[in-house]
Amino acid sequence: MRLRPLNLPWRAPRIESGPIRLRAGRLFIVPTRAGLVFAVLLLGLLVGAINYGVSLAYLFTFWFAGLAIVGMLHTQRNLAGLVLIARAPAPVFAGEEAVFRLRAEHDGGRARGRVALRHGELESPPVDVPAGGADLVLALPQARRGWHAPGRFSVRSEWPLGLFRCWAVLAPDWGVLVYPAPAADARPLPTHDVGDDDAEATRRSTRGEGSEFTGLRAYQPGDPPRRIAWKAVARGGQGLLTKDFAGTGGARRLWLDWGQTAERDVEARLSRLTRWVLDAHAAGLAYGLRLPGRTLPPQTGETHLRQCLEALALHGSSRP
Amino acid sequence: MTAAARAPADPATLLWLAVPLLLVLLPYTTHLSAWISLSWLGFALLGLNGARRRRRPLGRVTLTLATLAGVAGVIIDYGGVIGPGGGLALLAFLSGVKLLQTETPRDRIGTLFVGCFLLVGHFLETQSLPHAVYMILAALALTAGFIAIQTDDCAAPDRIKAHCILAGRLLLQALPLALLLFLLFPRLQGPLWNLPQQGTARTGLSDSMSPGDISRLLESDELAFRAEFAGAQPDSSQLYWRGPVFWEYDGRAWRSIGLPPPAPVRAETFGQPVRYSLTMEAHRQQWLFLFGLPEPLPPSLPDRRTFMTPDLQWLTREPVGQRLRYELTAYPDYRLDPVLDEVSRRRALDLPEAINPRARALAARWRAGAGSDAAIVEEALRLFRQERFFYTLRPPALGTAQVDDFLFETRRGFCEHYAGSFVFLMRAAGVPARVVTGYQGGEYNQLGNYWIVRGRDAHAWTEVWLDGRGWTRVDPTAAVAPSRVERGVEAALPAGERPGGVIALDGAWLRPLRLGWDVLNNQWNQWVLGYNQERQRRLLARLAPWLADWRGMVSTLGIGAAVVVLTLALVLFGRRPPTASDPASRAYARFCRKLARIGIVRAPAEAPEEYARRAAGARPDLAGAIAGITRRYLALRYGPPRPGAPALLKRAVRDFRPSRHPPASIRR
Numbered sequence: 015m016r017l018r019p020l021n022l023p024w025r026a027p028r029i030e031s032g033p034i035r036l037r038a039g040r041l042f043i044v045p046t047r048a049g050l051v052f053a054v055l056l057l058g059l060l061v062g063a064i065n066y067g068v069s070l071a072y073l074f075t076f077w078f079a080g081l082a083i084v085g086m087l088h089t090q091r092n093l094a095g096l097v098l099i100a101r102a103p104a105p106v107f108a109g110e111e112a113v114f115r116l117r118a119e120h121d122g123g124r125a126r127g128r129v130a131l132r133h134g135e136l137e138s139p140p141v142d143v144p145a146g147g148a149d150l151v152l153a154l155p156q157a158r159r160g161w162h163a164p165g166r167f168s169v170r171s172e173w174p175l176g177l178f179r180c181w182a183v184l185a186p187d188w189g190v191l192v193y194p195a196p197a198a199d200a201r202p203l204p205t206h207d208v209g210d211d212d213a214e215a216t217r218r219s220t221r222g223e224g225s226e227f228t229g230l231r232a233y234q235p236g237d238p239p240r241r242i243a244w245k246a247v248a249r250g251g252q253g254l255l256t257k258d259f260a261g262t263g264g265a266r267r268l269w270l271d272w273g274q275t276a277e278r279d280v281e282a283r284l285s286r287l288t289r290w291v292l293d294a295h296a297a298g299l300a301y302g303l304r305l306p307g308r309t310l311p312p313q314t315g316e317t318h319l320r321q322c323l324e325a326l327a328l329h330g331s332s333r334p
Numbered sequence: 009m010t011a012a013a014r015a016p017a018d019p020a021t022l023l024w025l026a027v028p029l030l031l032v033l034l035p036y037t038t039h040l041s042a043w044i045s046l047s048w049l050g051f052a053l054l055g056l057n058g059a060r061r062r063r064r065p066l067g068r069v070t071l072t073l074a075t076l077a078g079v080a081g082v083i084i085d086y087g088g089v090i091g092p093g094g095g096l097a098l099l100a101f102l103s104g105v106k107l108l109q110t111e112t113p114r115d116r117i118g119t120l121f122v123g124c125f126l127l128v129g130h131f132l133e134t135q136s137l138p139h140a141v142y143m144i145l146a147a148l149a150l151t152a153g154f155i156a157i158q159t160d161d162c163a164a165p166d167r168i169k170a171h172c173i174l175a176g177r178l179l180l181q182a183l184p185l186a187l188l189l190f191l192l193f194p195r196l197q198g199p200l201w202n203l204p205q206q207g208t209a210r211t212g213l214s215d216s217m218s219p220g221d222i223s224r225l226l227e228s229d230e231l232a233f234r235a236e237f238a239g240a241q242p243d244s245s246q247l248y249w250r251g252p253v254f255w256e257y258d259g260r261a262w263r264s265i266g267l268p269p270p271a272p273v274r275a276e277t278f279g280q281p282v283r284y285s286l287t288m289e290a291h292r293q294q295w296l297f298l299f300g301l302p303e304p305l306p307p308s309l310p311d312r313r314t315f316m317t318p319d320l321q322w323l324t325r326e327p328v329g330q331r332l333r334y335e336l337t338a339y340p341d342y343r344l345d346p347v348l349d350e351v352s353r354r355r356a357l358d359l360p361e362a363i364n365p366r367a368r369a370l371a372a373r374w375r376a377g378a379g380s381d382a383a384i385v386e387e388a389l390r391l392f393r394q395e396r397f398f399y400t401l402r403p404p405a406l407g408t409a410q411v412d413d414f415l416f417e418t419r420r421g422f423c424e425h426y427a428g429s430f431v432f433l434m435r436a437a438g439v440p441a442r443v444v445t446g447y448q449g450g451e452y453n454q455l456g457n458y459w460i461v462r463g464r465d466a467h468a469w470t471e472v473w474l475d476g477r478g479w480t481r482v483d484p485t486a487a488v489a490p491s492r493v494e495r496g497v498e499a500a501l502p503a504g505e506r507p508g509g510v511i512a513l514d515g516a517w518l519r520p521l522r523l524g525w526d527v528l529n530n531q532w533n534q535w536v537l538g539y540n541q542e543r544q545r546r547l548l549a550r551l552a553p554w555l556a557d558w559r560g561m562v563s564t565l566g567i568g569a570a571v572v573v574l575t576l577a578l579v580l581f582g583r584r585p586p587t588a589s590d591p592a593s594r595a596y597a598r599f600c601r602k603l604a605r606i607g608i609v610r611a612p613a614e615a616p617e618e619y620a621r622r623a624a625g626a627r628p629d630l631a632g633a634i635a636g637i638t639r640r641y642l643a644l645r646y647g648p649p650r651p652g653a654p655a656l657l658k659r660a661v662r663d664f665r666p667s668r669h670p671p672a673s674i675r676r
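Here the protein sequences line up with chains H and D, keeping their order. Offset between the first sequence (1-based) and my numbering: plus 14. Offset between the second sequence (1-based) and my numbering: plus 8.
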């Protein structure tokens, strides 16, 4: 029999894909600070019981001690047998928070109380896990673009008594794609290669002037603020909506070129390009992206947008 | 985030703190200063109000001032915050203050910790059986509080129930470990440090006897001690439980001035000894009660220093602050001081000068006419028997010449009047005499075979020293009211004077109930409260000799605790077959269990139809019911949902009661 390396909380966990089942063997448990205080309290009570020779003080002190031990078993049992399924987080722009969802399920039987997901110093609000399962949701701020694997998480619980903390260290094969933050100021899109008329039309359509309003659609990250249907928002209802204008995109070809950006810094250029890509997409234009080492031909649509943003996010690196 | 952390707990969470604390503190209210109870209540209401408005009810400065005021109040009221009285009072006060600081989880759990401490602390005050049961309830509330403060929405009624059920389950699972620790944790003989004397109120007899002392006792039902005889029970009229002995009379009270110098008891014994055990309630005094002449002399207790005086008083160095149990072998028949030394004789004849002239004159007449001391004793008893003396607990007031007034004017009184004036008469007539106090008789509890001795059994009698017989017990009260000695004080009293309390309630139907309750209390005292070092060793030695020393206890405790925890872990973590979630599967599983019970077990992968066919083949008499249930189940499982169908299946399964054997007609 080959010995498995000892499971210790500070060892880097193996990256796991697929559902993670929390065996009792991979759970750690230590008393919380409150648990330690409780131990000191019990010690004090025991000394009192001995000193005053009070039999019932002995009995109840021992009963509370037994309660703590039983509570420890229950805390461990609260996590043991949980099945965790990592849900892929949606891509975000740098500066936003990526939402990591861990689906917790168990095979019927007892409900689990107060389970939380933790990463570094950030911890999700604890949730109860009923028979049908529940999501542990942890939002982690993402500062830099690129593909980020968050690494080690812990799933933890102090339920039911709060005297012991049980946790498991895990590293789901989680990664989040972080697009560059769109440049804050809306500079006009670069002019067409094709001609002045087109350039003028592009400019106008970018601002949403002169084009034909076709309807509202759900807001997507990157939609320019002035295209948001603020009146609709004010009426309340279904969150942010973006005004859609009939683009004449199919006919027009817009190249968003690394070389066209005014900025000198790589990240600033990527930010600028991200802004342009979003604006062009919002305007319904067909646009192509030209990056050093990568060219995406002009096209429209969501898939194209995602590909462009991914290319921008991963510029200079590659998705592992 | 910080704003939420600053806000106090929501009202529901606060109630989960306040209610368990309130339950813990309720028994305290009887002896806690009223201002503490009231301020606790005020803090609780303020806290709840603040929680409702999500604001801190008091500023930090006000809170600190209130705390300091409380500390000062406790110091003034209790003389300090060290020690159980002041310490627990302060803690009770602070638990109220804690209800105003519930911002962080640490504050909240800390409040419950204070509750745990107060709960255990209250056992210093009382350890009665009802109180212990009540405290289990309070512990349940505290445990539910621990669970509830972990969750947010702890106010929903189903949540309250769920928390209480879980708390009960946790406490039950903790019980084996607690009992193991209770049994095997090596008991140390406290105290670890010197205790300040607490609760100085003494009960029972006192160190002097003046009119009214005993009558107050006689009206109380307070338990003095319980005594259990091995073998035959002595007659109630012979049960004189000896306590303080008084020699000196100052015209008003009888007392002992200073304890006699430690000297051996000189006595001879006759007849057979008896064995008995006596469990004394804490009376915070020094004497221990005795029946007969103990052997060996002086008797000793394993964990107390005791000594015996020549007039047969048994005393401990430290007042009895806890219930105390001892076992003795004693001779009911004995002769004390066959020879009286000169010092004792002078002491036993001493009287104040020039008081009670009429009594003196009477005594002088007896002395002149009588041939012996014994004849003088007879004369005195004849006086009490033949003149119109009455036994009453409400005697008229006596003047300065108490003995004269009593003997010739009022002639109404109880044991201490009779004993006191008898000894006066004896001494005046030149017969050495002294007053003995203690208890006489008691109530025999047939259910538990022991005697219950209460305050109302307190008694005073006399001893006269007779040549050749030593100190001889004479009970003048018995001459006046023989029923006092034979059947207890209530029988001797006139009807209008019967003490209230238990006796008044004691109808014939209530008596067995009361005695049964007393048996329960006695067992509780003996085995739970009286479980000390000595009892522990004795019990464990009876189980196994090697268990009785601390190494045996500690190792057994370690192994036992490991076994208990592992067993519990196995039970908790053991795989239970997942219970089917839909009612149809549950009902069908029940149906399968019923069939399995009569020997038709469903194979792991057997389809319901096959199983039904097999079962019907084995038991043709059940074929109809089996087919019906299987059809219903399959329809529910695989057919379109139909309302009411699960209930029908459930009922069909419930009504399916297969007999173990087929009816005779089919068996053939």
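One thing to keep in mind: the hints can contain errors.
Distance windows between CB atoms, simulated [unchecked claim]: (1) D:Arg167 - H:Arg25: 54 to 62 angstroms; (2) H:Asp279 - D:Arg167: 38 to 46 angstroms; (3) H:Ala145 - D:Asp557: 25 to 33 angstroms; (4) D:Lys169 - H:Arg25: 50 to 58 angstroms; (5) H:Trp161 - D:Thr75: 54 to 62 angstroms; (6) D:Leu518 - H:Ala38: 29 to 37 angstroms; (7) D:Arg177 - H:Ala38: 17 to 25 angstroms; (8) H:Arg25 - D:Lys602: 48 to 56 angstroms; (9) H:Gly134 - D:Gln531: 33 to 41 angstroms; (10) H:Ala38 - D:Gln541: 39 to 47 angstroms; (11) H:Ala145 - D:Phe664: 26 to 34 angstroms; (12) H:Ala38 - D:Asp229: 52 to 60 angstroms; (13) D:Leu305 - H:Val51: 49 to 57 angstroms; (14) H:Leu22 - D:Ala635: 55 to 63 angstroms.
Just a few of them, taken from the derived set where beta-carbon distance is under 7 angstroms, the chain D residues facing chain H [stated by the list, open to error]: (15) Phe131; (16) Leu132; (17) Ala140; (18) Leu191; (19) Pro327; (20) Leu332; (21) Tyr539; (22) Gln541; (23) Ala577; (24) Leu580; (25) Gly582.
If you are wondering where the hints come from, they were derived from the structure by calculation, not from laboratory data. Treat the numbers as computed from the prediction; the structure is a model and nothing was measured. We put the CB at the ideal spot given by N, CA and C, even for glycine.
Each hint tested on the structure:
A C-beta distance of roughly 39 angstroms is found between Arg167 (chain D) and Arg25 (chain H), which places it outside the suggested range of 54 to 62 angstroms. For the hinted restraint 38 to 46 angstroms between Asp279 (chain H) and Arg167 (chain D), the CB-CB distance of approximately 56 angstroms leaves it violated. For the pair Ala145 (chain H) and Asp557 (chain D), the beta carbons lie near 52 angstroms from each other, so the given range of 25 to 33 angstroms is not met. The hinted range of 50 to 58 angstroms is not satisfied by Lys169 (chain D) and Arg25 (chain H), whose Cβ atoms lie roughly 43 angstroms apart.
Taking the beta carbon of each, Trp161 (chain H) and Thr75 (chain D) are about 56 angstroms apart, inside 54 to 62 angstroms as hinted. Our hint of 29 to 37 angstroms for Leu518 (chain D) and Ala38 (chain H) is violated, since their Cβ atoms are close to 57 angstroms apart. Under the hint 17 to 25 angstroms, the C-beta atoms of Arg177 (chain D) and Ala38 (chain H), about 20 angstroms apart, fit the expected range. The hint said 48 to 56 angstroms for the Cβ distance between Arg25 (chain H) and Lys602 (chain D), and at roughly 52 angstroms that hint holds.
Separation of Gly134 (chain H) from Gln531 (chain D) is about 59 angstroms and departs from the stated range, judged on CB atoms against 33 to 41 angstroms. One distance hint, 39 to 47 angstroms for the beta-carbon pair Ala38 (chain H) and Gln541 (chain D), holds here, with the actual separation near 40 angstroms. The hinted window of 26 to 34 angstroms between Ala145 (chain H) and Phe664 (chain D) holds, with their beta carbons roughly 28 angstroms apart. Distance hint for Ala38 (chain H) and Asp229 (chain D): a CB-CB separation of about 58 angstroms, consistent with the stated range 52 to 60 angstroms.
A beta carbon spacing of about 54 angstroms between Leu305 (chain D) and Val51 (chain H) agrees with the range 49 to 57 angstroms that was offered as a hint. Judged by the Cβ atoms, the range 55 to 63 angstroms given for Leu22 (chain H) and Ala635 (chain D) holds: they are separated by roughly 60 angstroms. Given the 7 angstroms rule on beta carbons, the hint for Phe131 (chain D) holds: about 4 angstroms separates it from the nearest Cβ of chain H. Below 7 angstroms, beta-carbon pairs count as interface contacts, and Leu132 (chain D) has one with chain H at about 6 angstroms; its hint therefore holds.
With a least beta-carbon distance of about 6 angstroms to chain H, the hint placing Ala140 (chain D) at the interface is held under the 7 angstroms criterion. Interface hint at Leu191 (chain D): violated, since its Cβ lies 10 angstroms from the closest Cβ of chain H, which is beyond the 7 angstroms cut-off. For Pro327 (chain D), the interface hint is violated, since its Cβ never comes within 7 angstroms of a Cβ in chain H; the closest pair sits about 14 angstroms apart. Taking 7 angstroms as the C-beta contact cut-off toward chain H, the hint placing Leu332 (chain D) at the interface is violated, the least distance being around 11 angstroms.
Against a cut-off of 7 angstroms between C-beta atoms, the interface hint on Tyr539 (chain D) holds, since the closest Cβ of chain H lies about 5 angstroms away. About 9 angstroms separates the beta-carbon of Gln541 (chain D) from the nearest beta-carbon of chain H, more than 7 angstroms, and the hint is not met. Given hint, Ala577 (chain D) at the interface with chain H, holds; its Cβ is 6 angstroms from that chain's nearest Cβ, closer than 7 angstroms. The criterion of a C-beta within 7 angstroms of any C-beta in chain H is met by Leu580 (chain D), whose closest approach is roughly 5 angstroms, and the hint holds.
Hint on Gly582 (chain D) is violated. Least Cβ distance to chain H is approximately 10 angstroms, over the 7 angstroms limit.
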